[in-house]
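Asks: Chain by chain, the residues:
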Amino acid sequence: MSILKAEKISVEYEGTAVLKDLSFRIEKGEFLAVVGENGSGKSTLIKAILGLVGLSSGSIRLDGGIKSGGIGYLPQQREVQKDFPAAVYEVVLSGCLASRRIVTFYSPDDKRLALRNMELLEIADLRKRSFRDLSGGQQQRVLLARALCSAKAMLILDEPTAGLDPLISSEFYGLLGRLNRENGMTIIMVSHDIEAAKENAGRILHVGTGPCFFGSVREYLRSDTGKRFSNGNAGHSA
Amino acid sequence: MPDILRELFSYDFILRAVAVGIMVSLCASLLGVSLVLKRYSMIGDGLGHVAFGALCVAVAFNMAPLLVSVPVVVTAAALLLRIRGNVRIKGDAAIAVISSSSLAVGIIVTSLTQGMNIDIYNYMFGSILAMSDRDVYLGMALSAAVLLLFVLLYNVIFAVTFDEDFARAAGVNVSFYNTLIAILTAVTIVVGMRIMGSLLISSLIVFPSLTAMRLFSSFRGVVICSGIVSTICFFLGIVISYSLDIPVGASIVVLNLAAFTLFFAAGSLRKYF
Chain A
89 MSILKAEKIS
99 VEYEGTAVLK
109 DLSFRIEKGE
119 FLAVVGENGS
129 GKSTLIKAIL
139 GLVGLSSGSI
149 RLDGGIKSGG
159 IGYLPQQREV
169 QKDFPAAVYE
179 VVLSGCLASR
189 RIVTFYSPDD
199 KRLALRNMEL
209 LEIADLRKRS
219 FRDLSGGQQQ
229 RVLLARALCS
239 AKAMLILDEP
249 TAGLDPLISS
259 EFYGLLGRLN
269 RENGMTIIMV
279 SHDIEAAKEN
289 AGRILHVGTG
299 PCFFGSVREY
309 LRSDTGKRFS
319 NGNAGHSA
Chain B
42 MPDILRELFS
52 YDFILRAVAV
62 GIMVSLCASL
72 LGVSLVLKRY
82 SMIGDGLGHV
92 AFGALCVAVA
102 FNMAPLLVSV
112 PVVVTAAALL
122 LRIRGNVRIK
132 GDAAIAVISS
142 SSLAVGIIVT
152 SLTQGMNIDI
162 YNYMFGSILA
172 MSDRDVYLGM
182 ALSAAVLLLF
192 VLLYNVIFAV
202 TFDEDFARAA
212 GVNVSFYNTL
222 IAILTAVTIV
232 VGMRIMGSLL
242 ISSLIVFPSL
252 TAMRLFSSFR
262 GVVICSGIVS
272 TICFFLGIVI
282 SYSLDIPVGA
292 SIVVLNLAAF
302 TLFFAAGSLR
312 KYF
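For the protein sequence lines, the chains are A and B, in the order given.
Numbers 89 to 326, taken from this note's numbering, label the letters of the first sequence in order.
Numbers 42 to 314, taken from this note's numbering, label the letters of the second sequence in order.
If you are wondering where the hints come from, they were derived from the structure by calculation, not from laboratory data.
Backbone N, C-alpha and C fix where the C-beta goes; we use that ideal spot for every residue, glycine too.
No false leads were mixed into what you were given.
Partial pick of chain A residues on the chain B-facing surface, computed with a CB cut under 10 Å:
(1) TYR161
(2) LEU162
(3) GLU167
(4) ALA175
(5) CYS184
(6) THR192
(7) TYR194
(8) LYS216
(9) ILE244
Below, a list of computed lysine-lysine pairs in the BS3-like style, where the Cα atoms sit at most 25 Å apart:
(10) LYS315(A) - LYS108(A)
(11) LYS312(B) - LYS170(A)
(12) LYS240(A) - LYS199(A)
(13) LYS312(B) - LYS216(A)
(14) LYS286(A) - LYS93(A)
(15) LYS170(A) - LYS216(A)
(16) LYS79(B) - LYS170(A)
(17) LYS79(B) - LYS216(A)
Modelling step: build the complete structure from the supplied sequences, incorporating the hints.
Replies: Here's what the structure looks like:
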């Protein structure tokens, strides 16, 4: 069953086309990696799925009972967050914001959900620590737990391992793989780390200036786009 | 000390200034946490200057100061936010341009009408005597509204401050809340600058949260602590200003500096133990 269907979508930004006539569909429970060069429109695609940027043409249909607000989102980290005084549980709990319009107080259900997600990601013992005192890998787990609080069935991650060392990155991918297999979470991950995409994802969507690609990892590696990209810039970031 | 307090509170005008001042310091410190974390610290300074210009114009044309300056400063706040969203003009440059321009307009209007006088001096450096009855009531009502909104929207304010992208994806209207925070800040500044002066008002916004962040590591802890620090510094500032006969705004700023130094030292010491 398709959980998301994008048909011929185009996005323009200040008059220039960032995405053009892109079509793909995501099945329930699959792990899709979105790859492409820097500035190729990967983040824009994610914003389009989340409804944060408008489409100039085409359509994105979300099925399977998820609205765009019910997608768990892990954005790229911002400079502001590095020294932000917030306890881990405050950050995770803020993921429950998505489920309602006005939140004056979080309900006991929200708090249970937050705790359950912290336990799932093995950060429950950090819950009173300050976000700014955590290591990069721990911070990403916290932000993933927050995303899970708003995710009903789908997670969208934007360069989740940027700035993490290889060991911590592979731990993080392991975590994502588990959420995907054991919890049936559909995952869309933007990455320029082609090695990680090959190992973890089921299918690959390549966006960029040249020809785009959408299909399985094996097909991708045999395609021209895939060959060029995995021999080219990907080696540096892997 | 008790004698001074008794003497201090025997004056109606001081009592009123203290009542409004405490509420304003509370508002400023709460909003300040979000503003400082979002790197909007200088907005307070810019809006203080705009408020100065608006006050000068209001006095020159014999209009009620708050009724003129609130809308003007709110507009300036919305404008500054909009410019910050624009990549071509950098936010800090925009603040510099807007604040010096409004200062200039204020000074020209004043010198053409009544000339530089004690009123203008008070707008710049603040005075406890500056508030009329009407100012006090309006000031109380405005700061009560700011406090109420902050408490009701606390969780959304946290989310928007910590991560705009995530909040936006969660369906929060981020630009609405940014504008709201700017408007609440504008209102707080206009009410507070009568006491603090336009040159010193931004300290009420920046200092308490910076101080609280030395020791507290949760958002709630920082918010509560900066509210308490701000209130205490304001109150002690009034007492010291009265007993030493020095300007009230400056004494409050110096006390805030002292509190910051204390917290900074305590925070650094804690790392070693």
